[in-house]
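The sequence shown begins at 174 in the working numbering and counts up by one.
These are computed hints drawn from the structure, not numbers from a lab. Treat the hints with care, as some may be off.
To be verified - Cβ pair distances, simulated, as ranges:
| id | residue 1 | residue 2 | range |
| --- | --- | --- | --- |
| 1 | GLY232 | PRO191 | 30 to 40 Å |
| 2 | ARG181 | PRO220 | 11 to 21 Å |
| 3 | ASP179 | ALA218 | 29 to 39 Å |
| 4 | GLY201 | TRP180 | 29 to 39 Å |
| 5 | LYS202 | ASN229 | 28 to 38 Å |
| 6 | ASP179 | TYR205 | 29 to 39 Å |
| 7 | ASP178 | GLN228 | 12 to 22 Å |
| 8 | ASP203 | PHE225 | 12 to 22 Å |
| 9 | PRO220 | ALA182 | 35 to 45 Å |
| 10 | ARG209 | ARG181 | 16 to 26 Å |
| 11 | ALA217 | ASP179 | 18 to 28 Å |
The beta carbon of each residue, even a glycine, is placed where N, CA and C say it ideally should be.
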Amino acid sequence: MRTGDDWRARFRPDVPSPARIYDYLLGGKDNYPADRKAAEDLLAAVPDARWFAQQNRSGGPARTPSPIPIPAVRTSTPWSPASQAPDTAPSLAGSPR
């Protein structure tokens with residue numbers, strides 16, 4: 174920090190801060206009118222922004238809430254390419270020792 178450089182001289186509550194917007198989305202008290210206005214503008218553009226902030230804070234699921242059901246992914250297949258390949262390995266049955 175430079176000599177004589179005081180954070181109070183640089184503090185701008187009239188300029189939105191991402192940290193204070195996040196605080197507002199989580200229902201915190203450490204934000205200012207500019208932050209609340211920016212958060213409300215964000216919520217108008219991205220209605221799920223509050224949900225995303227809450228999930229991020231809680232370490233919850235990273236899934237996006239979707240009105241469209243997401244089908245389950247199959248974890249196994251009834252066949253594999255190896256089972257369809259011709260047997261090219263030499264047979265050892267009946268070979269002399």
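Hint check:
1. GLY232 <-> PRO191: 30 to 40 Å: This hint is violated: roughly 19 Å between Cβ atoms.
2. ARG181 <-> PRO220: 11 to 21 Å: violated, 37 Å
3. ASP179 <-> ALA218: 29 to 39 Å: holds, 36 Å
4. GLY201 <-> TRP180: 29 to 39 Å: For GLY201 and TRP180 the Cβ distance comes to about 20 Å; the hint is violated.
5. LYS202 <-> ASN229: 28 to 38 Å: Hint violated: Cβ distance 19 Å, outside 28 to 38 Å.
6. ASP179 <-> TYR205: 29 to 39 Å: Given range 29 to 39 Å: violated, Cβ gap about 19 Å.
7. ASP178 <-> GLN228: 12 to 22 Å: violated, 38 Å
8. ASP203 <-> PHE225: 12 to 22 Å: For ASP203 and PHE225 the Cβ distance comes to about 20 Å; the hint holds.
9. PRO220 <-> ALA182: 35 to 45 Å: For PRO220 and ALA182 the Cβ distance comes to about 38 Å; the hint holds.
10. ARG209 <-> ARG181: 16 to 26 Å: holds, 22 Å
11. ALA217 <-> ASP179: 18 to 28 Å: Given about 36 Å between the Cβ atoms, the range is violated.
Checked against the numbered hints given earlier, this structure breaks hints 1, 2, 4, 5, 6, 7, 11; the rest are met.
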